[in-house]
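K.L.:
The listed protein sequences correspond, in order, to chains E and F. FYI, my numbering numbers position 176 of the first sequence as 176, with every residue one higher than the one before it. FYI, my numbering numbers position 757 of the second sequence as 757, with every residue one higher than the one before it.
Accuracy of the hints is not assured; some may be wrong.
Here are the computed lysine-lysine pairs in the DSSO-like style, where the Cα-Cα straight-line distance is at most 30 angstroms [what the hints assert, rightly or not]: (1) E:LYS70 with F:LYS138; (2) F:LYS19 with F:LYS44; (3) F:LYS44 with F:LYS87; (4) F:LYS216 with F:LYS138; (5) E:LYS70 with F:LYS133; (6) F:LYS86 with F:LYS133.
Think of the hints as simulated: they come from the structure by calculation, not from any bench. Bear in mind the structure is a predicted one, so any value in this text is a computation, not a measurement.
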Amino acid sequence: MGRFEGELLVRAEKVAGLYPDPRSAIIPLCHLAQEQDGYVTEEAIAHIAELVGATGAEVQGTASFYDMFKFEPVGEYVIGVCTNISCMLRGGYGLLEAASSTLGVPPGETTPDGMFTLEEVECVAHCDKAPAVQINYRYFGPVDSEGFAELVGQLRSGELDGQIPKHGTLGRVLRDAPPLIPVEEIDAERARQDGEREARAASREV
Amino acid sequence: MPDEMVSVTLDGQVVQVPKGTPIIEALDQIGVHIPRFCYHSRMKAVGVCRMCLVEVSGPRGFSIQPSCYLAVAEGMEVVTTSEKVKKAQSGVIEFLLANHPLDCPVCDKGGECPLQDQAFAHGAGETRYVEEKRHYAKPIPISRLINLDRERCIQCDRCTRFADEVAGEALIDFRGRGNAIRISTFSSVEFDSYFSGNVTQICPVGALTATPYRFKARPWDLTQAASTCGWCSMGCQVSVQASQNELTRMLGIDSDAVNHSWLCDRGRFGIAEVNNRDARVLVPTAKANGIRGEVSWASAAATVARLVKQARASGGNASVAVIGSGRLNLEDSYAWAKLALDVVGTPLVDGVLGQGEVASTWFERAASIDQALAARALIALNVEPKEEVPVLHLRLREAVGNGLHLIEVNSTATSLSPMAATSIQLSPEGVGGLAEAVAASLPDGDGDVVILVGGRNRAMDPAITGGILRDLVAAVPGARILSALGASNVHGAFLAGLAPGVLPGAARGAVPSTWRSPADSGRANYAGILRAAAAGEVGVLLLLDCDLEEVGLTPEAIEALGERCALVSLASYESATTRAAAVTLPLATWGEARGSVVNGEGRMLRLGEQLEPAGLSKPGWVAASLIAGDLGDDMSILTAGDIWAELKAWGGAFAGVEPSIFSSTLDGPLLPVARWEAGGAPRALDPVATPGISSVSRQGPDFRAGAVLDPYAVGTGAAPSAKVLASGREVPAAVASERVPMELGVPGEDEAWLILSRRVYEADARLAANPALASFVRGDRVRVSPARLARLGASDGDRVQVVGPVVLQAVAHADDAIPDWAVAVEGRTIAVTHLIDGAGWSRVRLERLDG
Ligand code: SF4
Ligand code: SF4
Ligand code: FES
Ligand code: FES
């Protein structure tokens, strides 16, 4: 684990090849690493750096900007409770406390069985259903303390398996992108449009 | 094409500035200093710290804008003194201090800190924050040389920009976001860069500090002098700072022509070896019955004179020989050249370790660094700038980024290879046709072609490089040369006449009256001298700051040579050579004596003085003058000023050299002075770009042109006028004219050609004496092509031995980048140079070790 191997390596190389500058692939490759291991390991960072021709410090620097990349192992379900304004007004802090006592861990930690990681998050754009909860980046709301306990129960029993893949699951559909961004074509098309525009402007002046 | 000018109103003053100038620079030019942190004139603007906010007029009236990030435009109005601006600037300071620890009393930057200074000048004076500040573990080492205190960092992006943009080694980067953002290395990867020290110089707070300087001094206790780095021939301009007769640190001065304020770590932290008294030669010694004992200078000089007289009496003038290393400064080199050629009259003089041929082709066509980087094409011949003249590597990277066409001619890949438009292999078979191949690869167009020549492969005699260089100059008419030959003053030694076949100034004119009749030295280089010494033809061998171990002799061989002839070692550091010498004379080293050097573009640069010479050390020219006195001829050199007067009288390269020359410019003059166009306008040093210089200079002279104390202003008599000797003897033309073809021979079945690349951290006696840098010497490494390894029946990782004059046992690495004809060796100690066999290009055998 850590470095990409086998089929994943093929996928990683393909991703890196999608961009005129392979460094643009840092973020997608970090996603791939996280899908593989549940978090972005140091080995993966080193491998990504090799694949895109950057240094480890640069990949780490880029990836660590984003909260959704984890650099430590997390639970199978990463649960975010929003405490930003809308949610706060509708009881977000109470919900966070309840979540914490339901799971038995403070925000920022993972349950000993490795099932859940609890996080306090800022607005996740689900304000109309405040207070909002995010489980592996799927939305729920409004949620109260009973509802939260129920969700946890369903997750434990596997009832929601179809709806919420486990964190770090290779669940993404690989988009069918052209082997390389057709830069020349795009440039040519741009030049053509520019030309047309200029011609129009010129005809107006006359 | 002159820059297009625009007219702008800066604080009510209408000025014309070139289009595209950042507002902050336009303001600098009219003397309005805007506070700043992230802006650095040698790096791209990023506009991240927001300290430089000013009011700028735009289509919708005045708005607050970062002056470093916005370029002037026609009709623009800028206001820097309004309440709005003051409030904005003080607001930024308040934000920056919100998380900044109250470390000033224990912070190395205290007293010269741009944050401290600008908080005083533009801050509110009182904080409104009562909240707990952000906390991190106090300084963590990010390399063996650099400490990082993340609490102090203000996220100006200078260090990270330097690492990525300037050095091209992004080993540090920001990590995290917002409040949690900090500088970080990756995992356990050290910030291991030849240029790491620069980040401590440009960090505007005490977040990055140099371990060797930690808690050493307070800036207000330091004194400083303008000087030139003494390690390589780039000639980086520095401020050398000291306290209590110990060098404390070295900072790069922003010299437009040379180093753009950057230094490499070998230069910057080289002061640690100067301070290491245990490794220094402190007193003159002489051997009696094989035991080295302390003697007085007078008796040491008398002994040397006696040895010289004896040798001349029994074997003539040619039984005295001189070998130097190219590290003596210009004045010392000149005095020794005069002693050797004129007083003793020996023809056996090589102060440039065999590089005289390259140097003689170089000087007449010398190109400046700026010319080389603006050339139509730059041909890099047997050179790896990063390892030989490191800061040139930084300037080259920038130039290639701006479109310089680079053609590389090396035996194996170098750090130039990724930048080169063409790479041509320098192989033993291909030496003949090389020049034509290179000429054929030149791009069309106008403009100069410049050849950058170095001494990368130490196993290849410099004469081979010299031959190729002459071929190239013939094949590319008008080509100019920038030299990257090793030691700091190898070019100065050549021009001072301390090399085969030249006289001071590389002059071909008349011999000045202060000389009698110099010997014609065009006979042997150091290798020839050593052969003659080994054959017993030399009675006294004078070694000027030259450790014979560095040129391939084993300690045993040096010992044996010491029995054949009397070795006299003028040296600053103890080495196998000083231990074997009959007489050792302690030489004042870098920072201990004023003087000058000449760099690879032929630029004359000053050496400053900050220390009393260690022990009884004396400048080299004083030693020469003492010995000359005992030989009955005082050479009429009583002050360093006398040397300058004589240099001027010789003319040639030194025509027009006046003692005041360093007073009129920050960068020294190109030699001959006629080649040097602009006198270099006085330049304001940005106190935030290199904080340590402006704060320290408050106690000493200012470094701006015109304000520099000139080393020889006092005590200089009138220059002796040149006069042709009674005999009217013409000085011999340089040796370069007759070309000796280099016979390389054919390697045997199991033989390979040796590649012994020069590296920044060479394990010589000086580096071993440097506690800050000694650990950077890499281990023994032998690299060969997979095919050769397979022929040997060995595989990657097996132990092998490399057999030459000595045997080196090491692990072999299979490396596709090594040509099949070669064995590439890197060594942990200077012992690898003992593999050099003294033939044109050394050959070795590779053997497999069982078990
Ligand atoms: S460590 Fe220093 S140079 Fe680097 S970002 Fe922080 S303040 Fe700037
Ligand atoms: S490049 Fe050469 S002159 Fe410049 S700092 Fe390094 S060693 Fe000194
Ligand atoms: S405030 Fe909670 S989702 Fe927007
Ligand atoms: S934003 Fe201009 S100096 Fe930093």
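K.L.:
May I ask which of the numbered hints given earlier this structure violates, with the numbers listed in increasing order?
P.N.:
none
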